[in-house]
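K.L.:
For reference, the chains in residue letters:
2 protein chains.
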Amino acid sequence: MTAALTTSDLATLAQLARQLRVDSIRASTSASSGHPTSSMSAADVLAVLAARHLRYDWDQPGDDRNDHLILSKGHASPLLYSLYKAVGVVSDDELMTGYRRFGSRLQGHPTPVLPWVDVATGSLGQGLPDGVGVALAGKHLDRVPFRVWVLCGDSELAEGSIWEALDKAAHYELSNLVAIVDVNRLGQRGPTELGWDLDAYAHRAEAFGARVLRVDGHDLSALDDALTNAARAEDRPTVILARTIKGRGFSEVEDREGWHGKPFPEDMAARAIAELGGESDLLVRGPVPALEPVAGATPPAETDPAIPPPSYVQGEWVATRQAYGEALKALGSRRPRVVALDGEVSNSTRADLFAKAYPDRYFEMFIAEQQLVASAVGLSVRHYIPFASTFAAFLTRAYDFIRMASVSQANVRLVGSHAGVEIGADGPSQMALEDLAMMRAVQGSSVFYPSDAVSTAALVDVMADTEGISYLRTTRGAYPVLYDADEAFPAGGSKILRSDPSDAVTLIGAGVTLHECVLAADQLALDGIRARVIDLYSIKPIDSETLIAAADATEGRIVIAEDHHPEGGLGSAVASALLAAGSERLRLAHLSVSELPGSGTTAELLNAAGIDAAHIASAAAGLIEQSERAPRSGERVTR
Amino acid sequence: MTAALTTSDLATLAQLARQLRVDSIRASTSASSGHPTSSMSAADVLAVLAARHLRYDWDQPGDDRNDHLILSKGHASPLLYSLYKAVGVVSDDELMTGYRRFGSRLQGHPTPVLPWVDVATGSLGQGLPDGVGVALAGKHLDRVPFRVWVLCGDSELAEGSIWEALDKAAHYELSNLVAIVDVNRLGQRGPTELGWDLDAYAHRAEAFGARVLRVDGHDLSALDDALTNAARAEDRPTVILARTIKGRGFSEVEDREGWHGKPFPEDMAARAIAELGGESDLLVRGPVPALEPVAGATPPAETDPAIPPPSYVQGEWVATRQAYGEALKALGSRRPRVVALDGEVSNSTRADLFAKAYPDRYFEMFIAEQQLVASAVGLSVRHYIPFASTFAAFLTRAYDFIRMASVSQANVRLVGSHAGVEIGADGPSQMALEDLAMMRAVQGSSVFYPSDAVSTAALVDVMADTEGISYLRTTRGAYPVLYDADEAFPAGGSKILRSDPSDAVTLIGAGVTLHECVLAADQLALDGIRARVIDLYSIKPIDSETLIAAADATEGRIVIAEDHHPEGGLGSAVASALLAAGSERLRLAHLSVSELPGSGTTAELLNAAGIDAAHIASAAAGLIEQSERAPRSGERVTR
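Chains as they are written, first to last, in my numbering: chain A, 307 to 945; chain B, 307 to 945.
Rather than coming from a laboratory, the hints here were simulated on the basis of the structure. All C-beta atoms in this analysis are idealised placements derived from N, C-alpha and C, irrespective of residue type, glycine included. Mixed in with the good hints, there may be bad ones.
[What the hints assert, rightly or not] Listed below are the simulated DMTMM-like cross-link pairs for lysine to aspartate or glutamate, each with C-alpha atoms no more than 20 Å apart in a straight line: (1) A:K445 with A:D541; (2) B:K568 with B:E581; (3) B:K662 with A:D541; (4) B:K445 with B:D369; (5) B:K445 with B:D666; (6) A:K662 with B:E563.
[Unchecked claim] Not close to chain A: a few residues of chain B, all C-beta gaps over 12 Å, as computed: (7) V393; (8) E558; (9) A580; (10) E581; (11) T655; (12) D706; (13) P807; (14) L825; (15) S900; (16) G906; (17) A927.
Model the full assembly from the supplied sequences, consistent with the hints where possible.
P.N.:
As structure tokens, this is what we get:
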């Protein structure tokens, strides 16, 4: 329970808020970059929150009992960093010489390079969704009484992701989540859509299931009351709508357009600081978490496996999505911190197998893919091992969240089922044909595309221990198991399915096209052509060594077939790997889905796209025939 | 005004609704694929809408006065196609032998392969946002009194994009937009989040500014009243919440879980059809648009240019984003159907220059990138030429919409500013480093990345006449103008900035890295090394011929520098083009942003990423040195 405010407390808070404004101005002016006015509107909110309500041991940012503070309006970084000075974890010197400078941890928008930052923000509308994930962990897994405080801007309430977040926060009764909206009515280029219409915001937030409190965002007592009150919700998230003035505290810019994202010139900064009472070095710390250790706050030890890993027999037909569900369920038995989420298609992705086995560790996100990924990011902040699945095509819905998860250096596993034209009758809206390109382009990502149940199950285990963003692409239909149960599938590996010293051509596939490559090799063998077949289950990192050896062994003749658009997928990864290695005399035939597909059977669509066994065999034969014609120098090999 | 329902009308409607159900069952059972129960819940809604309210000349789908019907719940395609049979534009034979079959236009989810379909659906939560774009055109540009009817599922209301759509529909007072929600309470894997809680949906829709009507979705009279009423809203969109039963009409499956996306086996289908009264071939058409031609319904002729194209002088420093705004404004003068949209950053993308010149043709989407792209798609349905801009990084927020726009075969121009580490202090959350990969992987897309103001302005004109999804990447900072004002920049072209018969190496860049390539060439020249420099402003399509010639001329030595992650961008495009052409002895050095960047100055960050002039020159010298060492066969060239 927070004690009532005394006159002395109020004076301290007022001084702290002034200092936060002054330091926000000083930091941004010193950097000639940044958002002072967006910081000044929220300075009173943050002062009261940090000094009176945020339970946080600044010397122990890793303490599991700490509250979480997420700056969803990440451009107000000067304010956050000024708070770090006020609590004594960042020096004035670092603030003044580091802010937005090269090599500094005080970046333009906060990232977890700083120990007090959970998630990177700066793409608006993401901090609150991430916070929902953190609060999910607290309420339903950790059972630790921390609170999650998210400071939002008003502009970002135009993002649909905010409403996905509030919807899920209400659905999961996240009473430990408080969103504070800094309603300063001005966006980057002018007024926001709803201005100071707090009623409109309140109706929306209430309709989505939140408890709403309204407050004058510059009235310290009222803020203190609201924040005290916020911590008392029992079964719902709280949204505090704080009516504020952009640039508050400096009369020249208060509530004026044209000052977003602009530091004040030196002379203006001097006048602003003077108006705010000058520089200061107040040190203020708020409450710390209760000292008693909380049960469940430490990661549970690994338990004995009650569910054995799935076992498959070579030749048995199993869909990789099925193997995913079975492997995840088995993994969940061994690893209590594994959690799963899905976007209302768990009976298709087979995440339902995990959900049924561990209902307490499964979170249904319904059809809200942005929140699906954001929840996974938030759960990873609390050191869970989240696997989030949906149709591969619909992960495109969350690309900005995936990109930002990488900036957050979050450890998140994404699983996309029903990839490519292989799905058949449902048609192009459901066919992921750009997911490999999308996921490969994410910094530090790992991209896996297994072809059978054994490799899928192995890769699920690999992903559990893979840092960063990892992605598993699974397939709708069932295909034969190719490997022995004890085969290992490390990240960065590949498998050679067919190999002979007389190999004339290399066939590379993954997923459905690997099976087509095997069939093509059989066809080619009937014509006396030996083909090496490579299962490129790890697209990133890639097994350059095996690719180079194959290129060397088959005189540079390589056919790559992929159920993906031509750009950025398997073929692109192979080409880049071989070129980086300096392979010479490469003769690549790259088969992919270049036209817009329609509905049909798998066989019809693989054939129409030119990625089935017949096309692979034909491309291979074509490469060999070209070589036999012994092209003169300068002659081009075309497909 | 719709006339009151007679007893005879009601009987016809009831028979039509039964037929739509029967045909939905027949079509999906014949295909052994599809969603009969999701069709049956909405059959009464669609029967009343099509027979009584939708003003549509089925023989003239291109008539500008027609209402628009968008099936946001695209999986209910059997229902839509059954309606096409009932209005006489698709035969029973086509329905029974074409649905979900290879080569048929009756695909698993509707696409504009069909002349009556405006936009592809099937990724949920997109039909309503697209409809907002169509309605924007009708209300604010065409001034044609058509209505936009969007049939939504209840599950898809969990998508944030639905709320972005309603928010913008209310903001732009789209009284011509009616969303009908088929609240059948069952999703794919089980109950929806809100079930039949129509109050909850109503509160949300009202809070977002819509007028809400509730109706029993199986009461034909009540539906008729609601639809009549819906067309009378004056300043708001209307949301009709229709309480329905999934599988309605077949007692074995009504309101049962486990029947989503499952066709009935033959025997069940026979029982269902019997329960529904058997097969029929009723032909029913509803009202057609008023016969009078409507002013503004035909595209305005091109006007005389009042604003001349921007003119730049070689050597002048201009940011390409600035040139974009100036060129778009000039284009708008010549082409009255050019419209612009932006996501609350128009003062940064410089779309504000267009907005100020043509406020009636500019639509502010605030911070809602999904709706930004969806609005552009909807405007393109009405034959406008939309340019939608935001920071390049934030287009990732709309990737699913971009992907689906391609399936819709929409003609949409996207412009992303502030790309790459070039932006400097703002840090990684604002740095697009995967946009080229994302946009290249879109089927049929064009991807442009100009380096100076002249080429930017020229490409804006090119984009106006480019079909499909085209993307322009612009840069934050100002760089020297490189070209004469009359230089042409066709799609699929490139420019050779430096060339000599003695060129020893080729340097390829675009955007900021092209300027670094030019500087590198200057540095290399001091060491007596001549470098060819290529401006690869058109990344897709790509100028293979020039690349091949350069590779040949410089003995395969090529340095590619890009302000993008290593995967899927410029380097990937060049590698694929050269390998497809069969170029031999390639020695590529690919410089890109492989680590997570932070804040800093442009120069610091280009240097840290290894993509500045010094690194380019060093890589070029390294390639030459390696060649001079005359590697033995089998020796690898590494970077």
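K.L.:
A separate judgement is required for each hint: does it hold in the structure or not?
P.N.:
Hints, one by one, checked against the model:
no. : hint               : result
1   : A:K445 with A:D541 : 10 Å, holds
2   : B:K568 with B:E581 : 19 Å, holds
3   : B:K662 with A:D541 : 48 Å, violated
4   : B:K445 with B:D369 : 17 Å, holds
5   : B:K445 with B:D666 : 11 Å, holds
6   : A:K662 with B:E563 : 16 Å, holds
7   : V393               : 22 Å, holds
8   : E558               : 20 Å, holds
9   : A580               : 26 Å, holds
10  : E581               : 26 Å, holds
11  : T655               : 10 Å, violated
12  : D706               : 4 Å, violated
13  : P807               : 17 Å, holds
14  : L825               : 20 Å, holds
15  : S900               : 8 Å, violated
16  : G906               : 3 Å, violated
17  : A927               : 16 Å, holds
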